[in-house]
Structures are given as structure tokens and as C-alpha cells.
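Construct all of the structure, not just a fragment, from the sequences and the given hints.
The sequence shown: position 163 = 339 (our numbering), numbered continuously.
Worth double-checking, as some hints may not be accurate.
[Stated by the list, open to error] Heads up, simulated EDC-like pairs for lysine to aspartate or glutamate below, C-alpha to C-alpha not over 16 Å straight-line:
# : residue 1 : residue 2
1 : K410      : D386
2 : K392      : D261
3 : K244      : E401
4 : K324      : E383
[What the hints assert, rightly or not] Derived Cβ-Cβ restraints for the label pairs, each shown as a range:
# : residue 1 : residue 2 : range
5 : G543      : N348      : 53 to 63 Å
6 : A581      : E247      : 27 to 37 Å
7 : L494      : L423      : 34 to 44 Å
8 : V464      : K236      : 46 to 56 Å
9 : G489      : E383      : 37 to 47 Å
I should point out that these hints are in silico values taken from the structure, not numbers from a laboratory. Using N, Cα and C, we set each Cβ at its ideal position, and we do this for glycine too.
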Amino acid sequence: MIYVRKICIFILSFILVANIFFVSAFAKEKIVVGLDPTFAPIGFVDEKGEFVGFDIDLAKEFAKRTGKDIEFKAINWDTKEIDLDSGNIDLVWNGLTHTPERAKAMELSDKYLDDNLVLVSLQDKKYESLESLRGKNIAVQVNSSSEKVATEKKDLFKEIKSYPDYNQAMLNLKNSSVDGVLIDEIVARYISKKENINIYVSKNIVESADFSVAAKKGNLGLIEEINKFLREAKADGTISSLEEKWLGADPNTQEKETATFFTILDGMYNTAYVYFVTVFISFPLAIVLSSIYLRKNQLINKIISVYTWIFRGSPLMLQLFFFYYGVFPMLKINVGAITCAIITFSLNYLAYILEILRGGIESIDNGQYEASYILGYTTWQRAVYIIIPQAIRITLPSIANEAIALVKDTSLINVLAITEILLITKQIANRTASITPYIYAFIIYLALNAVIVFVFNRLEKKYAIKN
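As C-alpha cells, this is what we get:
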């Protein structure tokens, strides 16, 4: 019987190991492509929340021909090099201009699409060259080839204004906050065909800006595969057909889209998730640490003071970058963007709430401590039943302010390319070339904060001291 059992165990173990080997051997290689989700028509998010565009179709064709699985991931364009180096993405395939500086920092493929930088202005101005903007304001996208070109000729301009995406630059052009926008010709032609944008695209080319695919420095194998595919795609007409599909189409002949509350509300899930998890982590921990603070242990209190000083004394956005691109990669811990955001937000708001409660504790009269001592309360009993409840009641207005601030601060998670209200708003604004989505987002944030204000007002009335 024992012999039969051993044989069964051996067979099951063999099947398990063989299955693991089989799955590993035949599993497709997965590549993660990072892109700016507002760069229409090259790569952007449509009204269904799907990645579409010239480069999206081209990357999908590459994956199909090479037998790879492909995942598209929205990234912050400012941090594309960091995303590559950290392994967060494998490729940047989204209208990346081939420049000598980028070739030093990343592995670049052969050029696959010809583009140019052109100057865009209002129809009643019609600026043709950068020289014609002498003494005026020009807009560019942050960390783009247009920013590099404008910076090289900065003496021409009154001010160079850099924006996170071209949509914001174009909105400022419409509002006459800037006099011109230096932009990719492909994007400029696409935007100019939209009915609600009355712009002029200069006929003069400022500089060529041909596109390449980027991989992490040293990843020559993947770049060689891409180069082979690009040569084949040019030869068999794949790239030409995609140019006709995406770059020759008039946006006004395509299906119209209206930005609605319901579209923007798709971002509510991640906003609410980060908000409530942060509250449920930071507030109870603040109460626990406040109780520890009451024990008057000098070493522990000093550690708490240093912790609150660090997290209250540095910007939350910087903390997000520090943990996502620094701490977790250095520790070789694979943490998703939303998990990293929750950890960072919790540590940050814990510091603020803890300091608020500490102030409430310090304001409690010494008579409360003396009375609890006479009644025989232990240190923990005094903290839990007497001091902390009073501190919470005293500091409710300040805690309410932090709860309101947290709603607004959740918009910062879009720097990690997490889909939330503001990121979806930007995507819709990019597709519609309209400021209306921002008005909708404004109303949504006001409504969310109105609910929080109502809840805390009820709590303050409930726990107010009656005369």
C-alpha cells in the first residue's frame, strides 16, 4: 500500500513538473509598450477606453508576426526613459522622435515614419517661422523634440511655456495665452481638421522629426527584431496602408464623440479605490501611533517626529516618483502603479493626521490625565477611553480638511499613468479639442467634496459639546 502511494505521488509530481515546463516552454513572450495616451492620431485612447492609432496598429502587427503577446500601458511622457530603465515597460512606441541625445540614453530602431516640426498659430495671425515669433510666447510639450528645438532658440521668444501634452498647449493658443505652438506636423494636421479649432499650420518646416521605436539601453535583440519587421512592413505596404488609414482620414468624417459625465466617471473607480483604501489605512494607524506617542518614550517619539517631518516636508508627487521609480525597483519588489500610489498616499496622509491628532492631544487639559490616574486607568486605557476620543473630537475640522484635500490629491496618480478622473478628462479633451471635459471634471470633484463636507458636518454636530 505504501509502495503504491509512493508511485502515485511520483506520477503526480512528474505530471505537475511536466505541466509547468510545458506551459513555460510554449508561453508567448510578452512585451509591454508604453505610450502617451493623448497623442492622436499616433497613439491614444478612444471613446471606448481602448488604445488606438497608427503606432498601436503597427505594434499589434509586429506582435502578430513575431508570435508575441503585447500589452499597451499609458505612461507619463516625462518619465519614459525611467520607465524603460526600471523595466516598467519594454518599448516606447508612440511617435518618439529620433534624436542623437535619445540614442545615447535608449536603443532606437530605424526610422519608420517621416514627420516634421511645424509652427501652429491662430488663423488671424498666420505665423510662418520661429523668427516671426520674436518677442512672443511659444508653447511646447514637456520633454519633447519641440521643447529641445525651442530651447536652442530661446533668445527669440519672450517665454517658452511647456505643457504636459499638446492639448493643453492648443487650448492656451485658443485663449491667446501663447502666440504659437511648435508641434508635430502629423498631429497639427489632425487637430486642424477638427471643427472647433480655428488654427493655421505653417508651410515652413522648422525641423524634421522622424519617428523611431525605443527600448532599454543594451536590449539590441528586441531592436533588431523590430528593425527586421519595419523593413518588411515598408516593403509589403503595411506602413503605407496604416498611413492612409490614420494620417489621411479627416476626423470630421469619423464618428463624432460627445464628452459626457458618464465617460469621465469611468475614472471614478481608481479615484475612489485609492481614496478609501488610503483613509482606511492612514486613519487607524494614526490613532495607534497617537496612543504610542502618549507613552512618552523619547526614542519612539523622536522616530515619529522624523517620519512626520520627512513626509510633510516633501511634495506628494515627488514621493510617488521616489517610491515607484526608486525604492521598489531598488529593492527588486514588483509593485503595480496603483499599489504604489496607495502605499505612498497612506504614508503621506498618516503623517498629516498623526500630527493633527498630536496637536489635539497636547490641547487636552492636565486635569483629564490626573482624573484617569486617580481612577486607576492604565496608560493604554487612558489613551483609548479618554484622551484619543477627545483629541479626535477636537480635531475633526482639521481632519475634514485633510479628507477633502485627499480627494483632490488623487488626481496626482495620473503621473503614474493610472486611469482616473483627470487622466480621462485629458484624453477626451485631446480627442474633442474642447475645454468642456474639464468643466465636467470640475463639477465631479465639487460633488465628491460636497459629500465629504456633509458627512463631516454631521459628525461635528453629533459629537459637539452640548451647553
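Enumerated hints in conflict with the structure, sorted upward: As far as the earlier hints go, not one is violated by this structure.
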